[in-house]
Structure formats: C-alpha cells, structure tokens
Amino acid sequence: MSILNKTIKETSELLRARKIGVVELTREYIKKIEKDNENINCYITVCEKEALDAAEKAQKLIDEGEASPLCGIPAGIKDNICTEGIRTTCASKMLENFIPPYSATVVEKLLGQGAVVLGKLNMDEFAMGGSSENSIFGPVRNPWDNTRVAGGSSGGSAAAVSANMACFTLGSDTGGSIRQPASFCGVVGLKPTYGLVSRYGLVAFASSLDQIGPLAKDVTDCAIILNAIAGFDPMDSTSVNKEYEDYTQDLEKGVQGIRIGLPKEFFDIGLDDDVKEAVLNAVRQLEALGGKAYEVGLPSIKHSVPAYYIISSSEASANLARYDGIRYGYRSSKARDISELYRLSRGEGFGREVKRRILLGTYALSSGYHDELYKKALKVRRMIFNDFNNAFENCDVIAAPSYPVASFKIGENIQEPLKMYLGDIYTAGVNLAGLPGLVVPCGRDKNGMPIGIQLIGKAFSEKLLLRVGYALEKAVGTFRPGEGN
Amino acid sequence: MDYEVVIGLEIHSELKTKSKIFCGCKNEFGGEPNTKCCPICLGMPGVLPKLNKKALEYAIKAGIAMNCKISRFSKMDRKNFFYPDMPKAYQISQYDLPICYDGYVDIEVNGEKKRIGIERIHLEEDAGKLMHDPFGQGSLIDHNRCGVPLIEIVTCPDVRSAEEARILFETIKTILEYTEVSDCQMQEGSLRADVNLSVRPRGQKEFGVRTEMKNLNSLRAVQRAAEAEAKRQIAVIEKGGQVIQETRRWDDNKGESFSMRGKEEAMDYRYFPEPDLVPIVVDDAWLNEIKASIPELPLSRKERYVNELGIPPYDAGLITMNKKLADIFEEAYKVCGNPKLASNWIMTDILRRINEQGDSVLDSLNGAKFGQILLFLEKGEITQASAKQALDTFLETGEEPESIINRLGLKVQRDENLVLAAVKDVIEKNPQAIADFKAGKTKAFGFLMGQTMAALKGKGDPAQVKKILEEQLNAAINE
Amino acid sequence: MGIDIETIKKIANLAAISFEENELEGFARDFDLIIGYMEQLSKIDTGDIKPMEHVLPVQNVFREDEDTNQNNRDELIKCAPVSENGCYIVPSVVES
Ligand SMILES: [Mg+2]
Ligand SMILES: [Zn+2]
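Protein chains in written order, with my numbering: chain A, 30 to 514; chain B, 527 to 1005; chain C, 32 to 127.
Honestly, I wouldn't trust all of these hints.
Stated by the list, open to error - In silico EDC-like pairs for lysine to aspartate or glutamate, Cα to Cα no more than 20 Å straight-line: (1) B:K655 with C:D105; (2) B:K552 with B:D528; (3) A:K122 with C:D96.
To be verified - Pairwise CB distance ranges, derived in the manner of DEER restraints: (4) C:P88 with A:K48: 37 to 43 Å; (5) A:Y273 with C:L64: 54 to 60 Å; (6) B:F607 with C:Y68: 40 to 46 Å; (7) A:K48 with C:V113: 50 to 56 Å; (8) C:L64 with B:G766: 38 to 44 Å; (9) C:P88 with A:N423: 21 to 27 Å; (10) B:E558 with C:V113: 46 to 52 Å; (11) C:Y68 with A:E281: 44 to 50 Å; (12) B:F607 with C:V113: 38 to 44 Å; (13) C:Y68 with A:D301: 20 to 26 Å.
Derived from the structure by calculation, the hints contain no laboratory data. Keep in mind that this is a model prediction, so the values were computed, not measured. A virtual CB, placed ideally from N, CA and C, is assigned to each residue, including glycine.
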C-alpha cells in the first residue's frame, strides 16, 4: 500500500520508525500533485520550495525526538486562509496576486507543530458556492468521477485528501463548506463549534458563521488536527477561552446509551432515496452498537436557507467592501476617478456569484428592507438556535444528511443559483446555531458516489461527536476512490 | 421678521490612548506617512479588530463628566460607506446603543448658566488622511490616523446663538481636557466640530430645514461659521426661497460656506452589529472605578473659587477654562496661603506671559514653586518687582525660588540706617522736588519715593521707606 | 415585489460594483427569484423573539492599551497595485 494512502497516525508512526524521511515523503506528495492536479485541479498554488524547507526542519525535530503528531505531515490549506509569503487568492481575480505578509493563526499553529504545507487549495470564489465551480482557476473535479463536482466551497480541500494529494487539509465552513464536499468526496470533515478555532487570517465571508476545520482520511486524524488548531487566540475576540481538551481521547469509548436524534424535517421530501437510505442505514449501525435513535423536531429549520443567505450575504457585503483596488488586490486600469476605481475594480475583479451575494446583502441591509429581511433573519436565527437546544434535551447527537444528493455533474446546477442555495438545507442551520458538525462517509449512491452522514452536536461537544463518528467509521469502514468498497 | 437660530453640535474628539482602537499601532500625530500601520488598521484580508479597553473607558469617563447615562449593555456596529481613507469601507462605530446617552453640560452665557443636552456619546474609529499629490494627478493616502479612537459627542439642538455655540464647544473642550481623555489639539485635528444649524421665525415651534457644516477646527471658526450660516439662511428665506438640507464646507479664510455638491443621493449606511466584536457590559464596580478617576470639573471648581476663596467670578472663570492654569492656581495658593494674591498674579503676570509666549509657558511653571515665590512676597520678604524677577529667573532656569532670591540678593533691605542714608541722599540731590513738595505738589512725593527705591536697588520695604521719607521731608519742611 | 433593472442599478451603486449593460437583465431575473424566495422570512411569525447577533455568550473581550507598533510600511505597501513614496494612490479626490 502506497505511503500516500496512509493516515496522519500511520504516516507519523512510519516517520518516527525512520521507515521514511520527511523530505522523501514530501517529494512523494509533490510528485503525486504534479501528476494528478491537472486532472483534479484541487491545488491553486503548490509551494515546493517552502514545503521542502519545512520538511527538513521537521526531520530535525523528529530526529531530536520532540515530534508532535503532525510533525512532518504534508498538508494543504484552503486558499482563503492566509499564508505569509505564499499567495492567497480566494480563487478570485480580485486577489489573484495577493501575497499576505502574515499568516492565519491556524497556519502558525500547524507550522509550529512541524506540519509541511504543500500548497493552497482551490475553492469557490471567496467561499461562496457549493460546487467549487466558481473559481477563476476552473472547477475542482471529484476524484471519484471527474465529470462530477467535488462539492464546495472547500472542494479542493476535500478532493486533495480523497485523491491522496495531501495527508490532510484545512477548509472553512460558513454554511456547509467543509461538510458537503467531505460528503461528496468520501472523506471526514469537521466544522467546529463557532469560537473553538481562531478565525484570524481566514479571509472573511460571513464573520458570525465562518469557522475553519479539518478534512482528513479518518476520524482519528480529524481529532489530531483539531488538537492542533483549537483554542483561544488573543487576535480573535470571538475565539473562546476554555480549557484544553485532548480530542483523541475517548474515541474508542463506543456509543452505548448514546441518544441519536433524527429530525423528522430532514427526512421529508426533497431528499434523494440513496442518500436517505445510506444515512438511515448508518443510524441503524449505531443502534446495533448500543445507540438509541429518537425522532426529534426542528420546526424552524425550514427557514434556515433564507435566514442563512440573508445573514451571510449581509455580512459579506461589508466584509468584501474593502476590495477597492487601493491597498491590495485587483485594480482596474480603466478608472478615471475615484468612483470608477471602486466600481470597475470590483466589477471586473469579482465573479458573478460573489457579485450576486454582495448585491443580496446590500439589498437586505438597505433602508426599507433592513427590518423585513436582515433583522427578521436574525430573529429566525434565534428560533433555529432554540430549536436545536430543545432537540438536545432529548438527544446527545443529531444525525442528518449532509446534502440532498450525492455529487452532481459539473455544470449541472451552476446556472440555477436558487437551486444551489436550497441544497444547504441540512448544513446552514448548524452554522446559524454555531454548533459543531462532523461528516463521516457512510455509503454510496447508485452512481457509486460517496455519501456522508452528518452528526451534529451541542456547542463544544466535539469530543462526543468524534467518538460517535469513530464508532460508525469502525462499523462501515473508510472510503477511497478506486478501491472497490 | 425676527428669527431664532437653532444649533446643535457634533463634536469628534480623538482619545489620547497609547495605541489605536483595534490594533497595537501607535496613536500619535504626524510622522512619515503609513509608518504607524499594520494589517489590522489597513483592513487587510482576514484580519480582525480587538477593542482597546482604555478607549472604551475614556469614552465612559467623558460621558460621566457630561452627566450622561452609561449603557450597561452596548455593542459596536458597522457603518458602511466607501471613502479612500477608510480601508475597510466600513467604519466601526456605534449605532443604536451608544455607550453614553442622555446627558448635559452647563455653559455660562453673559454670566447666566444655561443647560445644553447631550444626546449621545459614542465610540468609533478615525479615518486616514488624503493629500493632494503635488507631482502627480492623484491623491495620496496616509493611514497613520486610521483607527485612532474617537468619541463623537452629539448635543441636543439647544443652542440659540453663534456665541453660545462657541461657548459650548469651549466648555466641552475644557471638560475633555480636565478628564484627560483627549489632548484637544485642534490644529492637529484631534478635536473638530460639525455645526448643525437652522433658523425659524421667533415663536414658531417646528424647526426649520437644517444644514450641516463639517470639520470646524477652532472656537473662532465655529462662531463665525454659525453667524454666517444663520445670516445666509435668513437671507434665503427673506428672499422667498427655501433652505436646502445639505452639507456645507466652511472656508475660514473667505469667511463663507459652500455647498458640497455630488451627494445627490442620501447616504444609506446599512448599519449592522459588528460580528467580529462581542457585546460590552459595564457593571457597577467598573463604572465606579471610572467615576473615581474623574477630577473636579471646571464649573464646580469655578463655583468653589468664587464661594470659598472669594475670587471674582470673571477671574475664576478664566482660570478654570484652562486646566493647567487652574492646577497651577490651586497649588500656588495652597503654598502661599493667599488665594487672591495667587489669582491676581495669574490674571496679570501669568496671562501676560501666555499672551506673549503661548500656552507652553505653563509647562515650565510649577504651581508649588510659583507659590513659594508668592509666599516670600506675602511675608514681605521680597518686593513685587523682586517677585517678578524671581519668577523670570525660575521660568528660565527652574532653580529653587529660595536659591534664586538669595543668589540675586532680592530680600528686602530693612536696615534703618541704610534706608535713612538713602533718603537723606535723595533729599539732598533733588532740591527742586523738595521745593515742589513744599508747594503742595503731592506728585513730588511719588518721585522721591521712586528715587529712594531705585537707590536701594528695588529692595527697600515700601512701607518702611515711605515712613522714613515722610519723617525726613516733614523735618526738612519744618526747618 | 419584482426586482427590475433599475433596482439592480441602485443596489450596485450602493455596493460600488459596475455591471455591463447586458449582464443586468440576467442579474435582475435571478435576483427576483432569489429575493422572492427570501421574502418568506417576512411572513414568519417571530413573536417577541429577539434578534440573535452572536451565538456565543461571550462579552467584554478587550485588548490592553499597549503600543506594539512595528513599522513594516515597505512590506505592507508591496501589496498595493500602485504606490509612491510610501503612500497609496487614488485618482484625484477633490472636495468641491
Ligand atoms: Mg461619526
Ligand atoms: Zn494597526
């Protein structure tokens, strides 16, 4: 079995046993990227030199015996997470040549642990989209079927793990952007509780919803990465100051007596039969292991998509107002006055979907619609938050689909924005409520495309989520493209 | 027709924290462009703000000093608009829950106290500076001021004349200086006022249409701009026209205001709560701590000076307008024991020095040392002229007053023989004056007195000199 | 309600985004559909529910007033598409 197939845990053991060196391992990954990226298109930037330098340093640390579990592990970073000296494009013409003079806190943390950053991963422009087709660098292709999307917006992050082009990756999730592509590509993805992971250096889309999280080959790896990136950051006022937890502990504790809530609203109309069957089958597996399934209600969840789009677009309209061609980013050469500098730089620098969201947010905040749309959405947000709280009185985790279907064809939905938006029905509410959501592969549809179950927990219950996910993973196995599982 | 002017002020005051409001960059005026900047105050992708606790405390302090209620629950909001020196294209400010609200300040107009409402004081960030590029076609942006903490003080439209507007501005400036939240350097733009003004026929209840004049940066400009704008509006109405609601720019050199065109649409700021910053909750303990840090304010000081120290109201008002001056007065009178002596000296000698040399004189004037000089004077150990001389020397060298007085030999000369000898000498040398004195010309006495003092090098005790001179003159007349 | 091209132009102006004339119609069509869907919010009875701005029960997060100024002007200004002598440049802004 190729070294590239190995998990973080396995790779780390091989590195420590001197079965392979970090530089050699890094070269293997770079070779793989050189071979397959043309096809998968998950990398926007590969930083070979920096990676090899980091690999040498990591090898020294391992030789000194001081190695953390991520030391020497090759990783990919979504291209909306700032990396000092390495361009960070957000898959946008606006930031095509932006080289940040600073790194995101999560990147500092990974580098501090000796991880090797291979490059920056493709995505929907400014993380707006669910298919990674909205990228000036072209769509990401699903490693399971190259005619299909990898999901989005962290499509590159999911595809890179699935195609063995990184041992693990970081993505960001505002309304499902880690979980949905994880599901589409058959990898494990975790959207942490809002405030658990610092947002400093994550190019903001919707500040009250954004959260960085890991995508990995299995649940154990997810826990290892979360150990490295979670925790208070003085640079982020919304990061929470709480005691350190070891997320790898208790993974094997099993699910005996764990109450699993099934929201009836989630298994209603609109859900593909294969997806429904795969998710319910996974729940049955958990029951077989001692879990107990209950029906729960989330009566307001049906409003999560409009509330999510109003809130996220409103915040985005302000967050993306700074791209004006003055201090960084794209600047139109046609502008004759200051007003044209703004309008043309933004008109030419942003893609269609980004402009649509900015307009939607501007509209929702403008006088006359502010109360009817924006403020109303904030009220609905509280209703959804309350719904989850109520549901968690009767269960420990909620089991849900990640998306109404498995991966769809490239180009299939891109002309129908509203249809794309409606797909976020199972994921966006989790962001509105600030909760953690873990996606674990659990089956495949009639086209052979992977399906992931979404496990939703109470705020800061990542440990329990990972434990349930781990039990499920042991029962159903992991999913790799090209292996006949 | 008789018109009434209605004015409200919006005052922006930079807070004198060490660092900016959301990042650790230095809060300091001037310097090379863009050298006091970081990714946060430049609004670069992915960065986050973090609120400076001191800035918030200064805002609360200013609010308490202006008798405001303090919001126990408050938050920051985003105010969206594009402007080249505002990097995020939104200003982090406060919208519906300002940190301070419903306050007042008392001003004195022609000896009468008048209360002006303070609608709100909120905390926000300052923008950068646009400069015309002398060599190129464009404008240059300097972001050093970006993110400097500001408070915006919005008064109620309770002001009824241009003079009142100036007095209000000055009163608020004094309060900000007393509470030490701002250095109020108007020439550096750290304190500036917008004048909102309308006129209405006296007796009418409804307000007229108002205009706004932005960024006035002197007391004089506020008064002149308000006077001119009131005149302009009245002229428009008298001619049968209508005042247009607009923003106008005051040109202090021309003494006129100009309409700022190009804002055809009303701004839609699309305020919403800043998601990157968490709510602000002020509890009793914190509030009391801030309250305790507020010194006695000018009006209360003035009343104390008048009622307890017997200082004339005019003098007390002038002294308390300037915190440094008032602090010098307090220290000086406590050391010399005579408040009136101290205030007289300030009203004459010190004010003259300020007029000649500017406010910086006060930086080298130590109130206690000044008081020591006055104490020598009070005890009759030096003369008025010697006191001035000692003060001059002190301001130049900072030397201890006692050492100055000894070194220069300024102590009063009381040796009766020496004084008598001087008097006799003067009488002998000035026969004409003696003749004049005999003829009843009292002026001659003053002349002889001066001559004697000069002979004593200014160190004679005037009372003693006078007594001996009188005795000798009488003796001479009776001869 | 119905979003027309004029509305799009107005919002685009507020958001400072230029559009090609031929883009506008498609945008208006999509926008009309999306806003139409979002407007279901206005029909929801939210009773006396308060708007939720933050999901975290966190308050009073401050930094101390410390000057940590580092002058990396040269590094920061490298990100600018145009600059001159340490200044950022825009087309002339004159207040009339
Ligand atoms: Mg303001
Ligand atoms: Zn800064």
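Checked hints:
{"no.": "1", "hint": "B:K655 with C:D105", "result": "19 Å, holds"}
{"no.": "2", "hint": "B:K552 with B:D528", "result": "52 Å, violated"}
{"no.": "3", "hint": "A:K122 with C:D96", "result": "38 Å, violated"}
{"no.": "4", "hint": "C:P88 with A:K48: 37 to 43 Å", "result": "48 Å, violated"}
{"no.": "5", "hint": "A:Y273 with C:L64: 54 to 60 Å", "result": "48 Å, violated"}
{"no.": "6", "hint": "B:F607 with C:Y68: 40 to 46 Å", "result": "29 Å, violated"}
{"no.": "7", "hint": "A:K48 with C:V113: 50 to 56 Å", "result": "53 Å, holds"}
{"no.": "8", "hint": "C:L64 with B:G766: 38 to 44 Å", "result": "52 Å, violated"}
{"no.": "9", "hint": "C:P88 with A:N423: 21 to 27 Å", "result": "22 Å, holds"}
{"no.": "10", "hint": "B:E558 with C:V113: 46 to 52 Å", "result": "19 Å, violated"}
{"no.": "11", "hint": "C:Y68 with A:E281: 44 to 50 Å", "result": "45 Å, holds"}
{"no.": "12", "hint": "B:F607 with C:V113: 38 to 44 Å", "result": "23 Å, violated"}
{"no.": "13", "hint": "C:Y68 with A:D301: 20 to 26 Å", "result": "21 Å, holds"}
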